[in-house]
Amino acid sequence: MAAAGGCPGAHRELGGCWRSGDGRGTAAPALAVTAKGPAPGLGDAGAAAQPFPFLFFPFPFSPCPAAAMHRPCWALLARLARARPCWGAPRRGAALRGEEEQFVFLEYEPELEAARGELKAEEHPRGPAASRERRARVVGAPPGRPEPSVPPSGVSCSGCGAELQCRDGAQPGFVPADKYHRLEESPAGLRGAVCQRCWLLAHHGRALRLQLPPEQHRRVVSAALQSPARHGRGPLLLYLLDVLELPDPLLPQLPELLSPQVPAAGVLVVGTKVDLLPADSPGHLGRLRQRLEAACAQAGLRRDALVDVRLVSAKTGFGLEGLVSRLQRSWKCAGDVYLLGATNSGKSTLFNALLRSDYCKSRAPDVVDRATVSPWPGTTLNLLKFPIINPTCDRIFRRQERLKEEALKTEDQLSSEEKRHLNRLKKQGYLVGRVGRTFQRQKSSPLIEFDPDMLSYSIDEDPSHSQKKPKEKEEFTYNEVKDARWCFDTPGIVKENCVLNLLTDKEVKLVMPAKAIIPRTYILKPGMVLFLAALGRVDYLQGEKPAWFSVVASNLLPVHISTLSNADAIYEKHAGEELLKVPMGGKERMKEFPPLVPQDITLKGVGTTEAVADIKLSSAGWVAVTAHEEAELLLRAYTPRGTELVVREPPLLPCISSIRGARIAGTAAYRTKKPPALVENLKTMKNS
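The numbering of the sequence shown is UniProt numbering, which starts it at 1 and goes up by one.
Don't take every hint at face value.
Claimed, not checked - Straight line, CA to CA, 27 Å or less: simulated DSS-like cross-link-like pairs of lysine-lysine:
| id | residue 1 | residue 2 |
| --- | --- | --- |
| 1 | 573 | 525 |
| 2 | 427 | 525 |
| 3 | 674 | 419 |
The set of hints was computed from the structure by calculation and includes no laboratory data.
Produce the entire structure from the sequences given, and follow the hints as far as they go.
As structure tokens, this is what we get:
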């Protein structure tokens, strides 16, 4: 091509329109431009501008033989490559290529991406299996190094409240030393940063094992409760109780916290995660509330100390508006509010929900960072807090007007965004609530800084770039917090004899139900066995008639039915494998996992429509047993050694066996059935 002779380097790499011998242009496809050597007329600048990422030509380009004619085009391309105008944020791992780091969590991403980059660059002589092994080894290891000589920062992690430090990776609040120093030198400093543990929980679902004994949890909570009373009033204790864990093993310990040194204004017990349980019969919420009141009385909570009992779901919003109204009525008789409860009882989720409700000051969501939420027990390690708004008469009136107006709406009157959010919540739980804000701070419109020098420059000039101003972290003023009352999220009290303490982070995510539980019912004859993963087992030893066994557990846990003669062999062969799923890791994992320990149980049936008892297999779930009236059953239940097995009488959901479909032919199983979700504070349309 004679026309290309003047600039062979440019013609070889540019995509556009080539000039043919007769002078007509031939269209070439739009291609990304890559300079493989010094461009004509640019000298070293042409070599420096490599590559030009994602640069395309929507217009016809026709090079000519003279090199001088190409200088404007090459200068423009080089400037565009340096400027990188509007192709989105820098890619992940940009720091490895010398670009500016721009990502939300500054703590660990470069190290993780560097590890992945090194793995891609390595040769793998042992094949794909060796590659996966190296990737798991590198990415699975916590990135960063400690620096024992650096003292603690005095700044709390915005995710868990632990003091940020880079001295010991096994202690709470650890940040790798290089990131720690980089954050210290940034304009915002360490404020707003999260520790390594919170970052891994939020972004990778991994939990680091920390050296934090249960005594330290109790010491932090006790010290907080014994602080001087504010406004002459003692604290209100908001005790969260996971209804799936009834009877709660820590509720009897609550009176010990209410010692004479803690002049508490009272205890408000909140049953959480009610959205996960299906309605087995009309009035099931009232029955659950009665069970909570009975558990409080059995634990020794005096009637005068028990302020109220509430049922909520912090995840779907059910019951939250009623809880906020009840808390606001306690304003005059209580000081600060403390969220207490066992690990993984939903404290951090409720803390985040209250932070975005009418319970906190209007500016609090912009100032206070959210607590890290994860299925891993013991997420919150120290005290997080937000200021409570003063419920004046005017504010209560405005809030009641908003609630009345929203209660008159139907689902058809909601916006498309609200409908999508509501449908998403319906898939997660059986009970859904709409949580709104009455008191919202009016945000000023952002000012657009206009710089004419950025928009007008000749083709021979490079555009100038003004430095972005760092976003300032909002702070409370002195007047806003000088007389404020605070809501504290405290560390979870570790449950002893709990199967979750034996599991890895991946196994915990399978065991803890994250969506509405769909009950699975089986009809068993004497001599049959039910496995709940490899975490529990129920043998039907003796009985005159078949009985119904309804499993209430995470939908991700498998249920396997076998005969008594084959049960031991099945457990020996499939524990740690895909059939029983949890624990996972094969024979090596099962060598360190405790063996199953039996406990004999005798029950007498009360009818084919009502369960007689629940066999609670620690925190893995429970099996509700339904038998014919007066029929006696001899059962043997197994749980791992060191975990607690509880026979719950009366059962939590007595009519659970009725939530089932038709019998599956040739098996002991029934088809599952999922009841519809109920939306609170929304008017239902009656069928005409």
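Which hint numbers doesn't this structure obey?
Of the numbered hints given earlier, the structure breaks just one, which is hint 2.
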